[in-house]
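Asks: To convert, note that position 76 of the sequence shown is 76 in full-length UniProt numbering; the numbers rise steadily by one, no gaps.
Derived by calculation from the structure, the hints in this document are not laboratory data. There could be a bad hint or two in this list.
Here are the simulated lysine-lysine pairs, BS3-like style, with alpha carbons at most 30 Å apart [what the hints assert, rightly or not]:
#1 Lys12 to Lys60
#2 Lys83 to Lys50
#3 Lys73 to Lys96
#4 Lys96 to Lys12
#5 Lys60 to Lys39
#6 Lys39 to Lys83
#7 Lys29 to Lys39
#8 Lys96 to Lys59
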Amino acid sequence: MLNPLESFYFGKEEPIRSCLLTLRELILKQNSRMTAEWKYGMPFFYFKGKMYCYLWIHKKHGHPYIGIANGNKLDHPALLAEKRARMKILLIDPNKDLEVEMIENILQQALNL
Numbered sequence: 001m002l003n004p005l006e007s008f009y010f011g012k013e014e015p016i017r018s019c020l021l022t023l024r025e026l027i028l029k030q031n032s033r034m035t036a037e038w039k040y041g042m043p044f045f046y047f048k049g050k051m052y053c054y055l056w057i058h059k060k061h062g063h064p065y066i067g068i069a070n071g072n073k074l075d076h077p078a079l080l081a082e083k084r085a086r087m088k089i090l091l092i093d094p095n096k097d098l099e100v101e102m103i104e105n106i107l108q109q110a111l112n113l
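Make a model of the complete structure from these sequences and hints.
Replies: What follows is the structure, given as structure tokens:
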């Protein structure tokens, strides 16, 4: 039986499932002190016990995204604030190749906050 965190990933259809699992791995490999937890009904990632980012599916676009805690302190053209005050999101098209270098760059900038 899957726990809620596993169910989130494996309950999705392809290509969204693979995209989310790849994003999960990219996030976790940023630092050995990164942890994945099920909080607020979604997969959250914490760095040294502090909120770092989360994964979710955009309601309007239907695409996965990385929500970055304190994203309002980051300035990158790929990040969207929408109506969020503190968070910014990085929308990912699961039907295209991931821009791994750009994603890792943004994740490292967020880690440096």
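Asks: Now look at each hint and say whether the structure bears it out.
Replies: Hints, one by one, checked against the model:
Of the supplied pair hints, the one linking lysine 12 and lysine 60 holds, its CA atoms being roughly 17 Å apart against a limit of 30 Å. Between lysine 83 and lysine 50 the CA atoms are separated by roughly 23 Å; this keeps the pair inside 30 Å, and the hint holds. As the CA atoms of lysine 73 and lysine 96 are separated by approximately 28 Å, the hinted pair is consistent with the 30 Å bound. Of the supplied pair hints, the one linking lysine 96 and lysine 12 holds, its CA atoms being roughly 17 Å apart against a limit of 30 Å.
This hinted pair checks out: lysine 60 and lysine 39 have alpha carbons roughly 22 Å apart, not beyond 30 Å. Proposed proximity of lysine 39 and lysine 83 is supported: the alpha carbons are some 21 Å apart, at most 30 Å. A hinted pair counts as satisfied when its Cα atoms are at most 30 Å apart, and lysine 29 with lysine 39 qualifies at roughly 20 Å. Using a Cα cut-off of 30 Å, the hinted pair lysine 96 and lysine 59 holds, with the two alpha carbons roughly 19 Å apart.
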